[in-house]
Amino acid sequence: MFHPVASLARGCCLVLMALSLFKCQAFAQESPYIVTYDHHLEEPGNLEVEYFSTFGTQRAGNDFHAYWVEFEYGATAWWTTEFYLDGQTTFHDSTLFTGLRWENRFRPLRTEHFINPVIYVEYENISEADKIVKEVEGHDIASDHADPNALLRQGHNHELEFKLILSKDFKGWNFAVNPLATKNLSPNNPWEFGYAAGISRPLALKASAQHCTFCRENFIAGVELYGGLGDTQSFGLHETSHYIAPALAWNLPSGWTVRLSPGFGLNDISRRLLLRWGLSREFSGFGEVLRGLFGGRS
Amino acid sequence: MKAVISAVAVLLALDTSAGLAQQKPSRNYESPGAVLARVPEKDRAKRNPFATDPEAASAGRKLFEQHCAECHGRTAEGARRGPSLRSEDLRQATPGEVFWILTNGVVRRGMPAWSKLPEQQRWQIVSFLQEQKGSTP
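Residue numbers (this note's numbering), protein chains in the order written: chain A, 1 to 298; chain B, 1 to 137.
Note that these hints are calculated values from the structure, not bench results. Ideal placement from N, C-alpha and C gives every residue a C-beta, glycine not left out. Some hints here could point you the wrong way.
Pairs of lysine-lysine residues, derived as DSSO-like cross-links and limited to a Cα-Cα distance of at most 30 angstroms, are as follows [what the hints assert, rightly or not]:
| no. | chain 1 | residue 1 | chain 2 | residue 2 |
| --- | --- | --- | --- | --- |
| 1 | A | Lys171 | B | Lys46 |
| 2 | A | Lys171 | B | Lys133 |
| 3 | B | Lys42 | B | Lys133 |
| 4 | B | Lys46 | A | Lys168 |
| 5 | A | Lys171 | B | Lys42 |
| 6 | B | Lys46 | B | Lys133 |
| 7 | A | Lys168 | A | Lys206 |
Computed Cβ-Cβ distance ranges for the label pairs, DEER-style [claimed, not checked]:
| no. | chain 1 | residue 1 | chain 2 | residue 2 | range |
| --- | --- | --- | --- | --- | --- |
| 8 | A | Arg110 | B | Pro54 | 43 to 53 angstroms |
| 9 | A | His211 | B | Glu77 | 47 to 57 angstroms |
| 10 | A | Gly236 | B | Ala51 | 33 to 43 angstroms |
| 11 | A | Leu293 | B | Asp53 | 26 to 36 angstroms |
| 12 | B | Glu88 | A | Asn157 | 32 to 42 angstroms |
| 13 | A | Arg110 | B | Asp89 | 31 to 41 angstroms |
| 14 | A | Pro117 | B | Asp43 | 31 to 41 angstroms |
| 15 | A | Pro253 | B | Glu88 | 47 to 57 angstroms |
With the rest of the complex left out, here is chain B (with noise of 0.2 angstroms):
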């Protein structure tokens, strides 16, 4: 039991040492743009599949509400674990661009690849972002 017990100890002491150091915001923000500057040339220039698909923004709203919407806010207005998704460099960026980040995350920075999603849900996620798009940031 005591093994139980000094594992579980150090396991938290490692956990938090590494989420502290996950949360410090100086080392760890990057803006939208500076990760956006690294979106291959090929990516950017990607459509969505669903541009034209009037369902598809209901379907990324509510794969956003279960999956982004925690670190993001509701409506990606931001919150505390995650930047707004509505800031001007967002506002401006091609589909193709938002589908590179989402796929790809900025692991380093703590934000999960979430090409676990299969492609065609990632696109309805975009389909919602580029909807908010019309919102004010």
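The shape of chain A in the complex, shown without the other chains (with noise of 0.2 angstroms):
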């Protein structure tokens, strides 16, 4: 019998075997941040891979266990385009592959400036089920997942999501804020609003002459800040959830990216907890192998 959680796993087993044959581990100077971007794109040609968890209560519902993989790929210096599978395991409940995500960001200037601007656009194929809380938009509120599975699957969107992401660095510290905007792509729904903003620092903004695994300089920490801003209907703060998460990046010298953050609901109707991690590693000359195997010259 085809299980598509079980299918997903396997698959991404095997991604990350095939992967680990590459050679060429890259270094990751990743932020710390899950929900909020800052500008800064993936390398041109490297791979990174990504698997993030998010444990989640749930008022008046079972708590839930939400993740997804994500394949980042730098297409060129100024183009970064992300591929997602979401699934999630509600306790008490099943687990369910809910769905994917194809996200682009563009970087329109060729310089730094005082202000960073990228450009983000998503296209996101889920179930109502999907519950890893990459972004809250207009009146997403904890509520909306107490249903059970059986039910929730069945409501599927299409949307279409954009992002402004707006990033400085400034001695040392990067503050970036992402005012977003979704459409949902079924007729008669509205534009939905939301927002994210950051601010984060490496432990150490000095590098020691040695290879170590545990200097200061590897660790970045951070806090995140998103929520929902309503929708052309009702914009505004009324009935919107809201998060603060404080986020901490490891980044280890053989390439691997652990990132930890405890996000805490703000209001009533957000959830009280969302207990994020992640694990990343980056690759290499990807590109190169991509093109060898399409016939593109490298």
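Make one complex out of these two single chains by using the hints.
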């Protein structure tokens, strides 16, 4: 019998095994953000494979564990494209594959500026049982996910999501703000709005001369704030959920990055806790392998 | 599942075409001299705060190996994806000019901006590259 989550897990294992054959693991310098984006794109030709987990508490329902796998590829120095596969397990209920996303980020300016914009466009094909809470938009609130999976999975959304990523690095700090607008492509759905903002800084700005795993420069700490801003029919903070989430990234010399971020709901209609963690690894030279496979010049 | 396979196929096709465009040397090559000519005057004159720090070049070497060697070779001699950083133009470049290129990249020509590294670490890389000036190109 076909089981979508088992199939997804098998597929991911195969991909990770295949990628482990690459000898070129690149050292990553990843920010700790999980929801917010800064203006730094993936290096061209590099592939980053990421796994993220979210444990969420659920008011008037069962707690859940949602997860996603992310393939982030630097197509050029000004364009990064990402493909996501989402799933979730709701305790005392069931496990589901909940959909896919295709995200693109474009950097319009050639050089660094006082504020650096990046344009973000994403297509989502997800069921209403999707609980990864990668962003909060419109009037998304905790009770949206209180129903059993069997009921939630019947609703299916095709959405386009746009973000304007505004980000600045200043004296080692990164400041990023992402206003977002989402349109469900089904007729009669309003535009929905939301935001994410983050601030982060490495624990040390100067690098040590030795290769080290626990050096302070390998750790980046930050905090994120994100939430909904209503929709075109009811814009504002009324009936919207909001979260604050401290975040920490540990960039290991082996090319792995570990992230941890406990998120806390800021009002009664938010989830009390969204505990996230993630593991990622960057591989260089993936673009050349891809071009070789498709007969291009390398 | 069909949707997943279709999306992956589209993604691969688009990525490959973008990658191919990026790889054509005739379109992408820009001489170091041409890039250096774009550096603003005030950035050109910036001084390396680690110029007298004996450890800066060693730390810069480590950072260079982690982030730059993949394209430019372990000792900046150049590799398939990136030019040599020991060319005459770059040997004569000021620390401020090298720092500007590192910070802003040459985005339309495939070199990413490295502003995600803290300013101190970018200067440490500059220290390493300045040390390489003494090496044979």
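Now the hints, each set against the structure:
Taken as a hint, the A/Lys171 and B/Lys46 pair is honoured in the structure, with Cα atoms around 16 angstroms apart against an allowance of 30 angstroms. Restraint check for A/Lys171 and B/Lys133: satisfied, since their Cα atoms lie roughly 28 angstroms apart, inside the 30 angstroms limit. Of the supplied pair hints, the one linking B/Lys42 and B/Lys133 holds, its CA atoms being roughly 23 angstroms apart against a limit of 30 angstroms. Simply put, B/Lys46 and A/Lys168 have alpha-carbon atoms about 21 angstroms apart, close enough for the 30 angstroms limit, and the pair holds.
For the given pair, A/Lys171 sits about 18 angstroms from B/Lys42 by alpha-carbon distance, which is consistent with the 30 angstroms threshold. Using a Cα cut-off of 30 angstroms, the hinted pair B/Lys46 and B/Lys133 holds, with the two alpha carbons roughly 18 angstroms apart. Pair hint A/Lys168 plus A/Lys206 holds up; C-alpha atoms about 19 angstroms apart against a cutoff of 30 angstroms. Checked against the given bound of 43 to 53 angstroms, the beta carbons of A/Arg110 and B/Pro54, roughly 36 angstroms apart, lie outside it.
Remark: the range hint 47 to 57 angstroms for A/His211 to B/Glu77 is contradicted by a beta-carbon distance near 21 angstroms. The hinted range of 33 to 43 angstroms is not satisfied by A/Gly236 and B/Ala51, whose Cβ atoms lie roughly 54 angstroms apart. At roughly 46 angstroms, the beta carbons of A/Leu293 and B/Asp53 sit outside the given window of 26 to 36 angstroms. For B/Glu88 and A/Asn157, the Cβ-Cβ distance of about 58 angstroms falls outside the hinted range of 32 to 42 angstroms, so the restraint is violated.
Between A/Arg110 and B/Asp89, the C-beta spacing of about 20 angstroms breaks the proposed range 31 to 41 angstroms. A C-beta distance of roughly 21 angstroms is found between A/Pro117 and B/Asp43, which places it outside the suggested range of 31 to 41 angstroms. Distance hint for A/Pro253 and B/Glu88: a CB-CB separation of about 34 angstroms, inconsistent with the stated range 47 to 57 angstroms.
Violated hints for the displayed structure, listed by number in ascending order: 8, 9, 10, 11, 12, 13, 14 and 15.
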